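2 protein chains.
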Amino acid sequence: MSKVGYLGPKGTFTHQAVHALFDQHEFLSYRTIPECLDAVEKGEIDVGVVPLENTIEGTVHLTIDYLIHHVDLPIVAEADLPIEQHLLVPHSFDGDLSKVEAIYSHSHAVAQCHQFIHHQCERAEVEYSTSTGEAARMVNEKGGNIAAIGNRQAAEEYGLKVLRENIHDYPNNHTRFAVVQKGSEPIEMRELREVNRKTTISVTLPSDYAGALHQVLSAFSWRRMNLSKIESRPMKTGLGNYFFIIDVDQPYDGVLFPGVQAELQALGCDLKVLGTYPCFHLATASSKEATTD
Amino acid sequence: MSKVGYLGPKGTFTHQAVHALFDQHEFLSYRTIPECLDAVEKGEIDVGVVPLENTIEGTVHLTIDYLIHHVDLPIVAEADLPIEQHLLVPHSFDGDLSKVEAIYSHSHAVAQCHQFIHHQCERAEVEYSTSTGEAARMVNEKGGNIAAIGNRQAAEEYGLKVLRENIHDYPNNHTRFAVVQKGSEPIEMRELREVNRKTTISVTLPSDYAGALHQVLSAFSWRRMNLSKIESRPMKTGLGNYFFIIDVDQPYDGVLFPGVQAELQALGCDLKVLGTYPCFHLATASSKEATTD
Chain A
1 MSKVGYLGPK GTFTHQAVHA LFDQHEFLSY RTIPECLDAV EKGEIDVGVV
51 PLENTIEGTV HLTIDYLIHH VDLPIVAEAD LPIEQHLLVP HSFDGDLSKV
101 EAIYSHSHAV AQCHQFIHHQ CERAEVEYST STGEAARMVN EKGGNIAAIG
151 NRQAAEEYGL KVLRENIHDY PNNHTRFAVV QKGSEPIEMR ELREVNRKTT
201 ISVTLPSDYA GALHQVLSAF SWRRMNLSKI ESRPMKTGLG NYFFIIDVDQ
251 PYDGVLFPGV QAELQALGCD LKVLGTYPCF HLATASSKEA TTD
Chain B
1 MSKVGYLGPK GTFTHQAVHA LFDQHEFLSY RTIPECLDAV EKGEIDVGVV
51 PLENTIEGTV HLTIDYLIHH VDLPIVAEAD LPIEQHLLVP HSFDGDLSKV
101 EAIYSHSHAV AQCHQFIHHQ CERAEVEYST STGEAARMVN EKGGNIAAIG
151 NRQAAEEYGL KVLRENIHDY PNNHTRFAVV QKGSEPIEMR ELREVNRKTT
201 ISVTLPSDYA GALHQVLSAF SWRRMNLSKI ESRPMKTGLG NYFFIIDVDQ
251 PYDGVLFPGV QAELQALGCD LKVLGTYPCF HLATASSKEA TTD
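Protein chains in written order, with the UniProt record's numbering: chain A, 1 to 293; chain B, 1 to 293.
One chain only, chain A, in its complex shape (with noise of 0.2 Å):
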């Protein structure tokens, strides 16, 4: 049995992530990124799955900059997840929306609701709370006619009924999730299908001059190497400069990639390789796909 450590609370969606991922181990919530990547960096724990990409829980930017500051551990896994949101009740709530006189959730959520809390429950009040997690226990502590939004675990851990399903504005909301080890011992993951291998990289840019991403591109390019994310970030070393992260569509190799990064550091760039890994996209509870418990 392994230690799993994830950005907690219960009943998140990193929480939801961990459990579609992972089956015998033991689960250990942290409260922010760089806490759980702490523990991994230290053996306190196996492994650590934090937000990559769109979250709502965390400033995700802050995984990247960990990983490429802070401390030295691979990505070994991605995991898609589908952002749901449903409107959680008490048990004894037996009324229609209508009835709703409070809501309470993360300022994301709420955001991410906004269509619908606008059109359907206008007259109720928001409250805010720091997490969709900690939004279903205070509803179940107080009870009454008020809601949650959040995940379907949020309601089974905190023993709330989902008035109503999918109340997110967006249809395909997802979030990614990198899964982090230090040892290079496999973990015993559940049986997913793998849709796809990566590699992302970081890339620093030695001055910023008009083209050079495109020529930074070229190498990958004229390779046909595809790049499923682009993203530049300005360097924490001041304004101005630049570094880029960069997902490509394959597995790291011995041919491609190693041309990659001679033709870049010739350019006077400098590399990082934070991970070439499986991808996997988690179901929710609802699409059946995967269980989470």
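Just so you know, the hints here were simulated from the structure itself, not pulled from any lab data.
Hints are supplied without guarantee of correctness; some may be wrong.
Given that identical chains are not distinguished, each listed pair holds provided it fits within a single copy or across any two copies.
Straight-line distance between alpha carbons at most 30 Å, and here's what the computed DSS-like set of lysine-lysine pairs gives [claimed, not checked]:
1. K10 <-> K42
2. K99 <-> K42
3. K42 <-> K3
4. K272 <-> K229
5. K10 <-> K142
6. K3 <-> K182
7. K229 <-> K182
8. K272 <-> K182
It should be emphasised that the depicted structure is a prediction, and the values quoted were computed from it without experimental measurement.
Position chain B against the provided structure of chain A, taking the given hints into account.
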């Protein structure tokens, strides 16, 4: 006098940016990015100020998504604010760091000050709040040997003093804010030095193929148009379809930009200009380039 809306509450970094940008206006706080942008769209307020990148208070993807999908509001200015986190205590507090028993803040602010808390305040309990402004309000209300993490404006707003300055782990942490408005009537701003002018456009690719992005960037590169930011983002319509947000380091003109647009449209791309606008670097109260009253 115009009405300026911003992502609140008081004492947050967006609030700080608003006061550095505008002087004699009426300020209205909104609780989510969509609420603020809707208010501009409906004409309830004249301008809105919302975070664009790297903020600790909002899901920033939401701003761009909302500008693309929900409202038709050009970005008319960009403001870049250094994020300085301070440790704030009640005026009655008369000890040193070792006396701090609890620290209140938003989880993202706590994460940004992770090294400081870990090494300097190891015994302090961390309590989470929904914003840095709310943390300052709570510390003022409760009193005692407790502290909030937040900015100088939060200290002034809620009657706290700064016990320790600049406790954030990374020295050059900035947040970019967008100023949007509906009408074309210019809103009076403070006199600020314009750093440069930029144009933000979104480009949607007709299909996902190796080298597509490289081809898109060629249109800018051979015209020697410098890009200061590029970010690929999945489309809301499904996984695997991407669009790009591109910041070009020059104002929209009658020759180069129409040329780029014509070329990219010939490739089947869909383009939208989100704004062409001046950029300002805001200073914090301590650095004296602008006051935040």
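- Enumerated hints in conflict with the structure, sorted upward: none
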